[in-house]
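Please put together the full structure from these sequences, using the hints given.
Protein chains: 2
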Amino acid sequence: MTNADETVAPERGNTPIAECISTISEALERHDLAKVREVAAGLENPDLADVIEELAPEQRVELIEALGADFDFEVLTEVDEKVRDQISEALPNDVLAKAVTELDSDDAAYLLESLEADDRQEILDQLPQSDRAALERNLLYPGETAGRLMQADFVAVPPFWTVGQVIDFARDTEDLPETFSEIFVVDPGFHLLGSVNISRLLRTKRDVPINTIMEADRHMILATADQEQVARQFERYGLMAVPVVDSDERLVGVVTVDDVVEVIEQEADEDAKLLAGVGDERLSDSVREIAPPRFLWLLVNVLFAMVSASIIDLFGGSIEQMVALAVLMPIIASMGGNAGTQTMTVTVRALATKELSDMNVRRVALREVTVALINGVLFACLLSALAILWFGGAGLGVVIAIAIMINLLVAAVAGMLIPLGLQRLGFDPAVASTVFVTSLTDVVGFFAFLGLATFWLL
Amino acid sequence: MTNADETVAPERGNTPIAECISTISEALERHDLAKVREVAAGLENPDLADVIEELAPEQRVELIEALGADFDFEVLTEVDEKVRDQISEALPNDVLAKAVTELDSDDAAYLLESLEADDRQEILDQLPQSDRAALERNLLYPGETAGRLMQADFVAVPPFWTVGQVIDFARDTEDLPETFSEIFVVDPGFHLLGSVNISRLLRTKRDVPINTIMEADRHMILATADQEQVARQFERYGLMAVPVVDSDERLVGVVTVDDVVEVIEQEADEDAKLLAGVGDERLSDSVREIAPPRFLWLLVNVLFAMVSASIIDLFGGSIEQMVALAVLMPIIASMGGNAGTQTMTVTVRALATKELSDMNVRRVALREVTVALINGVLFACLLSALAILWFGGAGLGVVIAIAIMINLLVAAVAGMLIPLGLQRLGFDPAVASTVFVTSLTDVVGFFAFLGLATFWLL
Numbered sequence: 001m002t003n004a005d006e007t008v009a010p011e012r013g014n015t016p017i018a019e020c021i022s023t024i025s026e027a028l029e030r031h032d033l034a035k036v037r038e039v040a041a042g043l044e045n046p047d048l049a050d051v052i053e054e055l056a057p058e059q060r061v062e063l064i065e066a067l068g069a070d071f072d073f074e075v076l077t078e079v080d081e082k083v084r085d086q087i088s089e090a091l092p093n094d095v096l097a098k099a100v101t102e103l104d105s106d107d108a109a110y111l112l113e114s115l116e117a118d119d120r121q122e123i124l125d126q127l128p129q130s131d132r133a134a135l136e137r138n139l140l141y142p143g144e145t146a147g148r149l150m151q152a153d154f155v156a157v158p159p160f161w162t163v164g165q166v167i168d169f170a171r172d173t174e175d176l177p178e179t180f181s182e183i184f185v186v187d188p189g190f191h192l193l194g195s196v197n198i199s200r201l202l203r204t205k206r207d208v209p210i211n212t213i214m215e216a217d218r219h220m221i222l223a224t225a226d227q228e229q230v231a232r233q234f235e236r237y238g239l240m241a242v243p244v245v246d247s248d249e250r251l252v253g254v255v256t257v258d259d260v261v262e263v264i265e266q267e268a269d270e271d272a273k274l275l276a277g278v279g280d281e282r283l284s285d286s287v288r289e290i291a292p293p294r295f296l297w298l299l300v301n302v303l304f305a306m307v308s309a310s311i312i313d314l315f316g317g318s319i320e321q322m323v324a325l326a327v328l329m330p331i332i333a334s335m336g337g338n339a340g341t342q343t344m345t346v347t348v349r350a351l352a353t354k355e356l357s358d359m360n361v362r363r364v365a366l367r368e369v370t371v372a373l374i375n376g377v378l379f380a381c382l383l384s385a386l387a388i389l390w391f392g393g394a395g396l397g398v399v400i401a402i403a404i405m406i407n408l409l410v411a412a413v414a415g416m417l418i419p420l421g422l423q424r425l426g427f428d429p430a431v432a433s434t435v436f437v438t439s440l441t442d443v444v445g446f447f448a449f450l451g452l453a454t455f456w457l458l
Numbered sequence: 001m002t003n004a005d006e007t008v009a010p011e012r013g014n015t016p017i018a019e020c021i022s023t024i025s026e027a028l029e030r031h032d033l034a035k036v037r038e039v040a041a042g043l044e045n046p047d048l049a050d051v052i053e054e055l056a057p058e059q060r061v062e063l064i065e066a067l068g069a070d071f072d073f074e075v076l077t078e079v080d081e082k083v084r085d086q087i088s089e090a091l092p093n094d095v096l097a098k099a100v101t102e103l104d105s106d107d108a109a110y111l112l113e114s115l116e117a118d119d120r121q122e123i124l125d126q127l128p129q130s131d132r133a134a135l136e137r138n139l140l141y142p143g144e145t146a147g148r149l150m151q152a153d154f155v156a157v158p159p160f161w162t163v164g165q166v167i168d169f170a171r172d173t174e175d176l177p178e179t180f181s182e183i184f185v186v187d188p189g190f191h192l193l194g195s196v197n198i199s200r201l202l203r204t205k206r207d208v209p210i211n212t213i214m215e216a217d218r219h220m221i222l223a224t225a226d227q228e229q230v231a232r233q234f235e236r237y238g239l240m241a242v243p244v245v246d247s248d249e250r251l252v253g254v255v256t257v258d259d260v261v262e263v264i265e266q267e268a269d270e271d272a273k274l275l276a277g278v279g280d281e282r283l284s285d286s287v288r289e290i291a292p293p294r295f296l297w298l299l300v301n302v303l304f305a306m307v308s309a310s311i312i313d314l315f316g317g318s319i320e321q322m323v324a325l326a327v328l329m330p331i332i333a334s335m336g337g338n339a340g341t342q343t344m345t346v347t348v349r350a351l352a353t354k355e356l357s358d359m360n361v362r363r364v365a366l367r368e369v370t371v372a373l374i375n376g377v378l379f380a381c382l383l384s385a386l387a388i389l390w391f392g393g394a395g396l397g398v399v400i401a402i403a404i405m406i407n408l409l410v411a412a413v414a415g416m417l418i419p420l421g422l423q424r425l426g427f428d429p430a431v432a433s434t435v436f437v438t439s440l441t442d443v444v445g446f447f448a449f450l451g452l453a454t455f456w457l458l
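Sequences listed follow chains S and R, in order.
Under full-length UniProt numbering, the final residue of the first sequence carries the number 458; numbering is consecutive throughout.
Under full-length UniProt numbering, the final residue of the second sequence carries the number 458; numbering is consecutive throughout.
Misleading hints may appear alongside valid ones.
A pair counts as met if it fits within one copy or between any two copies, since identical chains are not told apart.
[To be verified] List of simulated lysine to aspartate or glutamate pairs, EDC-like, C-alpha gap at most 16 Å:
#1 LYS354 to GLU78
#2 LYS82 to GLU53
#3 LYS354 to ASP50
#4 LYS205 to ASP119
#5 LYS98 to ASP226
#6 LYS205 to ASP168
#7 LYS205 to ASP172
#8 LYS205 to GLU174
#9 LYS98 to GLU262
#10 LYS35 to GLU74
#11 LYS354 to GLU262
#12 LYS98 to GLU122
#13 LYS82 to GLU289
#14 LYS98 to ASP70
#15 LYS98 to GLU65
#16 LYS35 to GLU65
#17 LYS35 to ASP70
#18 LYS98 to ASP428
#19 LYS98 to ASP119
#20 LYS35 to GLU62
These are computed hints drawn from the structure, not numbers from a lab.
Rendered as structure tokens:
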């Protein structure tokens, strides 16, 4: 049973996705629809999404048509944007309208939004009233907010019902979400009074009034709240489901932790990528999409590198007299860049996870400067010994020692101040911090080393 | 109601944590225990954990004693390791034993593990049999595995029970987990037959047999599986709760998505930090803890920088003749480093999220090389124009153009091959990729530029 991953494989067993793709593709060519259905039935939605992405455009539509009613349109929320656009253009609007009624409202909103305005309206017009209302509640809110992330279908009951009435309501009502973990208790104006986890409901006798077992919700989210803040709140307080309210404090939906998992992953991923100047790239993006932003990032780098080059030019005469300076100067610049990147990464991540606050910023700053001083002294000894052994002359050793200490201190201070400053100015601290920090340590490194050498040695 | 965060604040309202800390600290000094309890009652566990971390060591224990039975020991799983050690040493073992019985088994295991071996045994001996069994099941498995992450308390029923019997069992049994979302159906040997989401249970008539509504679990996790793989599976398949089985396929626990949220955040965080050489640092670490690993990372950098310096030294004569080479060479090296970091970051993240696989690695490699060629040509034009304007002489322009194209191509190839190679060798691709890539582009940049200049221009 143990496979390479040490987790137990889902039903498709150990068949690699690549194999499913070729099997399905060949079966489609042969019009062997039974085979297509058989392979697809063994796949879960994210796997089927991978298959669809790799098929040729016309085969994608053939596959969906072959699966007919067995095709879960949630799969389309998992495929790449371009693939989704291609498929939703190829499928007739009434098929899409049927798909939308079967989806959770957040997934339906996501799917609808990728359509052209007139198609979207035509599909909305075809929906039953209750589906349309929930969906429009999601569409009210812009992307990346709690209102878009939330499930607008939820179970809400009045406070005077008993546990038995709630259970009977759940048993008799067709139009409830497929799974839910909280029952919300609301007043006639849909203001939230409290909630009951259904495991609590299950364990309570039928004649108990619901308002005696409900708990006040310590956490509520405004529908306009940014999804990243929502994610932080879930993570910090270990939440499973949180009610979403509008500006009049009326219950409009519920965000569950599984909706948030993807947001958390995305945000952390984004930070790592922003630091390298490849912010919103996806692996599926084409050359045309990624080349221009990467060009811009490198261009900013060139502009800063020209500043460092001008510093070197300033001391061109010294280099002509003492070529050892040209040999050693990149070492000082690169040390500063690396040390600055260390402090900066720690700062950026601590800001992102809200660990760094006014409460501890002084302690962290003191720690970073102390580390810079300690490592500065150690590398000053090491590099001056290296310089003396390589080129002779104690003077060069002293100059490189002082230059490296200055540069590591500047790296520590800039590594903290630049992300903090960017955040205070309202930017994401991960954006462009790298280029600022490494450019500054280049300039300071070259200037300190070449400047000191020029005035003392030549 | 709207506060700055646009989410609705928990009960403590807008009182900043810093204020709670000083209020509690002052109240403890005055022995005003009523005030202490009042402020603490308004705090949720993660907030109370923050307060405890910032208090003086003796005040931490005073606070816990003041709260008495109101203190939720889950708070101790949220404080920093050193703070937890200090508190658990200061508290008597019988208080800790009582605490452990009240915790979920995964939290209890986490807490117990931080104790010294003899204290741990003494506490285990004081536990009731059922608590000890669950706890020991967690402690069986090493850290960072599913077995440690799982909740070893769960609700399991035989297949021949009806829905009504299950509900009555849940109502009448004291010793169930506080909240649960799945009922597991097992045979007498505790082998998993299927599971029922409790919202499904709630909506089904009492006389229906449970085995007619249970669903086969498409996902199971081996207790020995790595927590990162578990997290990926939850994320990919949007899972809420997954049963954990031992090597004999017996049900031993359940991992829920809220346990996984922290793992996902940690793993993404780790990648961003590993790339900068500050892998397992925490913000609360002391200077003594972070200085040595940072020193080592910088030392590796110095060793690689010496290789670049030797390349420059090799062409010392050329630099003496033409100081423009020393001015321009850092531009080429830094361009290569930045372009290489772009490709490398994309590769490292795509490997981490399992987006990059044998299926698409050729397409991605082709894309990266194409981008390098396009940007290479653009920067070749730009930099050769710059060089000619700055220093005159078309020769220098041609040399810098060729050098930058070579370096951007090498950056793209190395940015993919180095993380892929590290992974194939069994290392985390994020470790040390940066230093390898940027050192290589430094060496190649200096060598190509100075070498071409020496043979063509001098």
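To see whether the hints hold, each was checked on the structure:
no.: 1; hint: LYS354 to GLU78; verdict: between (30 Å within a copy, 15 Å between copies)
no.: 2; hint: LYS82 to GLU53; verdict: within (9 Å within a copy, 49 Å between copies)
no.: 3; hint: LYS354 to ASP50; verdict: between (35 Å within a copy, 12 Å between copies)
no.: 4; hint: LYS205 to ASP119; verdict: neither (50 Å within a copy, 42 Å between copies)
no.: 5; hint: LYS98 to ASP226; verdict: neither (31 Å within a copy, 41 Å between copies)
no.: 6; hint: LYS205 to ASP168; verdict: both (13 Å within a copy, 9 Å between copies)
no.: 7; hint: LYS205 to ASP172; verdict: between (19 Å within a copy, 10 Å between copies)
no.: 8; hint: LYS205 to GLU174; verdict: between (24 Å within a copy, 14 Å between copies)
no.: 9; hint: LYS98 to GLU262; verdict: neither (26 Å within a copy, 37 Å between copies)
no.: 10; hint: LYS35 to GLU74; verdict: neither (22 Å within a copy, 52 Å between copies)
no.: 11; hint: LYS354 to GLU262; verdict: between (19 Å within a copy, 14 Å between copies)
no.: 12; hint: LYS98 to GLU122; verdict: within (12 Å within a copy, 62 Å between copies)
no.: 13; hint: LYS82 to GLU289; verdict: within (12 Å within a copy, 48 Å between copies)
no.: 14; hint: LYS98 to ASP70; verdict: within (13 Å within a copy, 52 Å between copies)
no.: 15; hint: LYS98 to GLU65; verdict: within (14 Å within a copy, 60 Å between copies)
no.: 16; hint: LYS35 to GLU65; verdict: within (14 Å within a copy, 67 Å between copies)
no.: 17; hint: LYS35 to ASP70; verdict: within (14 Å within a copy, 61 Å between copies)
no.: 18; hint: LYS98 to ASP428; verdict: neither (41 Å within a copy, 45 Å between copies)
no.: 19; hint: LYS98 to ASP119; verdict: within (14 Å within a copy, 62 Å between copies)
no.: 20; hint: LYS35 to GLU62; verdict: within (13 Å within a copy, 69 Å between copies)
When held up to the earlier numbered hints, the structure conflicts with 4, 5, 9, 10, 18 and fits the remainder.
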